[in-house]
Amino acid sequence: MRPTTTHRTPPLYLWALYLWALCALATLSLSGCIEGTDGPTITRARPAPALPGAPLRIDGVNFGEAGHVAIGGRPVIERVRTPDHIEVELPPDLPSGPSWLVVVADGRPSPEFPIEIGGDNPPIGAGPRVFPPGFDSGRADAGRPRDRGPGVDVGRDMGGGLVAEFDPDPAGDGAVRLIARDAPAGRLVLEVAVPDRPIRGIALHLAYDRGLLRFTSSRPAGTRRLVASEIGPGRLAIGRLMDRGAEPVVLTFDLVGPGEGRIDVPARNRTARDVANRPIPGVDFAGGGVRVRRR
Amino acid sequence: MRPHVHRARRAGMASRWHTHGFKMASAWHRDDTHMPCNHSLDGTMASRRAASALTAVVALLALLAPRAFAQDEAPGAFKRGLLQHALPLAVGPSDDDARRRADTVGVFDLIEVGIALDFGPDIALPDTVTYDVTFEAQQPIVDGFPLLAAFYTPLSIRELGGDELEFAHSPETGELAVFLPRRIPAGATRTYVIEAAFDFVCDSPPGCSAEQFLHLADAAWYPMSLEYPVDDRFRARLELSTPQALTPTGTGVRLGPERTENGRRQATFVTERPTILPSFAVGPYTRAAEGIVELFSPSAGGLPEAAAGLLEIGRDSVALYGALFGRYPFTRLGMAAIDASAGAGIGPQANILLPDVFWQLPPGEPEFAAVVREVTSHEIGHQYFFNLLGVVDNGEAWMSEAFAEYAATRMSEQATGTRDHARRNFWAYVHGVAPGEDRPLWGDGVSAHPRYFELVYQKGSAALHALRFRVGSDRWDGAFRGWINRFAGQLVITEEFEAYLIEALGQDLTGFFDQYIYGAGVVDLRVRTTRGRTERAPVTVQIAQQPGRFGPFSGPVPLRLHDADGETRDVLVDLGGGDFEIDLQGAQWIEVDPDLTFFRRVRSDPAGDVNLDGVVDGMDLLDLQAANGLRFVREGVVGADYEPDWAERFDLDDDGAVDDRDVDLLLQQFGTGW
Ligand SMILES: [Zn+2]
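Protein sequence lines correspond, in order, to chains Y and H.
For the first sequence, this note's numbering gives the first residue as 343, with consecutive numbering after it.
For the second sequence, this note's numbering gives the first residue as 229, with consecutive numbering after it.
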């Protein structure tokens, strides 16, 4: 009548030993597979020039099976990836002009590949303008052009005829702050300086006027642990894991037109995180004023 | 299902069983013809009743015993088996009369059962046993009375201090009929002494095993009420006599010091509160005690190293549960090693039984130590849930197992400073039970279910934590303690628990019970945040749920708003209430239901907006990279387990792991929402 059971359970510790053996085997064979592959390299990108909102085919080698593609530091949507070609869809709002392409495969970036973005983006920004500072008013954070309406015919000056001055807000060493670096004519180069304390990562937005600046690239180039991308006109989003020995992030902007304005770091979109990814209270973020003028 | 359905089910069951039982009892009382001894009872109503009761006992034992694990099964299953010990109860009547307050039902009420066992030199059950059974007649008993005698064959029965009585026993049905020369008036108490051959075959781990140690925690090895075998609790008195080399421990408190007579150890254990299930263990133990905790370690030669840790778990559990649930209900807590072949911990009253491997663990292995702590504190939890607050049937098994497991998670919380144990249990249900397998943890549907452990233990304990964080931990602890205090020593059902909480907390929890206790299902949420461009603009949160086979869910959804400085603030929105505009007041990002207050998965829309601030940006990258490497199942030394920190929002491609593919997807969506 009673159910009889003849199974016997091996002692707990025997299982443990068995598992340990399995782990050791798995580790050995896995590490054997990864060694010795080369990073991705781009050989061609079509069409040239590339068109905003249109597909782009990228040929090359060692593209792997997973990764991402960035144009001018901005990740783009990937449609197809094979080891030797990738098809991406370019964002419709990609600014025209010279840019560069990076393919990241299995965490390794390719050398930058120069491309030209075609199309006829509406020109913006002309003449000296002064924008009121302060994101607290909400305006610097608005991100959209406020100075352009239908029928306004504005010129565009992307050449080397402009120079910029950056006037950083006062900030101590304990702040994440922007430091101007030497820049060629027509460019503004800013380093994102991070306080010398244990920080696992920072994320921030920079809000600026699109009539003054347009983000073009970051150094080092984007990876899975560093992104700097203009997510909208006048809005740059940055995310950075502070790996040991990581070099500072340097941002390059094209100067669009003359004027004065601010580069702000909106409070809602900035954070410094500790090793447990918890916000570190008291880390300040400082922007600064920017003035673009004709040389 | 709602309780009205529940009541209907119970009513139907009640009438079937109760009528049946009543007829049987009536037949007994009216029958003038004394049956001869050893007459087979085949063909009578009574025998069918007894047969069905015995079948039910056996079936339930099979059901409730842990699944036996073959050697090639995952160690995780072994761990599950350790926890899923026998719950030998729940035979027969579930009607309100039968369960309500037990003990005053049927023809008689069992008051005390004494069991005297003399063990031989080897680890084996004795061939003979002496029982004495004391009951109080609930109504006049005219011709005789029935007992359940499943695993013993009576040799003689006499009234205490009186003559031998005639009886009839059917080994097939397990029914024992004792015939009376004189009627017993209502209210009178009688004691009968039964000398019997012990037929129990010890081959049913975990309820009984005998290799290095002998333990018996199975049902029906002693005389039980035939009509109400599991509802009629009684005081137990275990008199255990062993050779010097063996030490006995049993349910109850040791009566006086252990004596040595004629070169044998004599120990008597009596229960201070009525029990449903006396148990014992005998073995070559070394005994060590600290306060009320008495540890029986698997070594006659000295105390193994692990003993100190086990004593500490016993002591800490008693202290913590005393604070959380009210004073430890018994005056002793025995903790005895049993054969690992039992594959389980078992939680009988005042005498928990633990696999001897708990004393043999490799030192310095925290995962083993965690298993030992979790299982041991679970069994100690049963001192309150099952032993102090009894459970009426299989459909109510969660009232024992989920609650004991809840106790263990509270113990883990104290020991580790994290809620990992409780969170693992949550994910084990959410991920471990497929929608097609899912069913309410309450009710009969779960009884023989392959996901019994995930549903009853893990979802059940997670449901109690969900309630805890819905009502606030302090308020919850107060109400929970009140519940135990109010129903101590009684049998309880889910409906009473629900009603008690609603009254004590002044909070309508019927929706929760409807959906997650009487009902099943995990809701899939897609949460989209839309934000204005200005710094101070409110955000709009849209929560959509995927309709599953259990229909739409409703109820409050806590949103935790995270400020830049790490401070948080919770707001409640109503699931199914449309879109919500939320004033962030400087908060940077939103987390949905961080304390797991209902059974759900949460995904962001777009997936890359893992922090639900309305834009896929660098902050999402930081969060995702911090979670990179999480898998919802993690492989440990002891076996596969669920990752307590798991959250679907990080798993953008829904493959069960947070990895670089998710990072790549996030990067592809970078800037979305701006
Ligand atoms: Zn249990």
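Among the clues, some could well be false.
Said to hold, decoys possible - Covered by chain H, according to a simulated footprint, are these stretches of chain Y (three or more residues, beta-carbon under 8 angstroms):
no., segment
1, 512–518
2, 540–550
Stated by the list, open to error - For the chain Y half of the interface with chain H, some residues (derived, Cβ under 10 angstroms), not all of them:
no., residue
3, P394
4, P397
5, S571
6, N611
Since the hints were derived computationally from the structure, they do not count as laboratory data.
Values in this document were obtained by computation on a predicted structure and should not be read as measured data.
Ideal Cβ positions, reconstructed from N, Cα and C, are used throughout, including at glycine.
Now the hints, each set against the structure:
1. 512–518: violated (count 0)
2. 540–550: Three-residue rule met by the segment 540–550 of chain Y, so holds; n is 6.
3. P394: At 14 angstroms from the nearest chain H Cβ, P394(Y) fails the 10 angstroms test, so the hint is violated.
4. P397: Hint violated; P397(Y) Cβ to chain H Cβ min 14 angstroms, cut 10 angstroms.
5. S571: Holds. Min distance 5 angstroms.
6. N611: holds (7 angstroms)
Taken one by one, the earlier hints fail for this structure at numbers 1, 3, 4, listed in ascending order.
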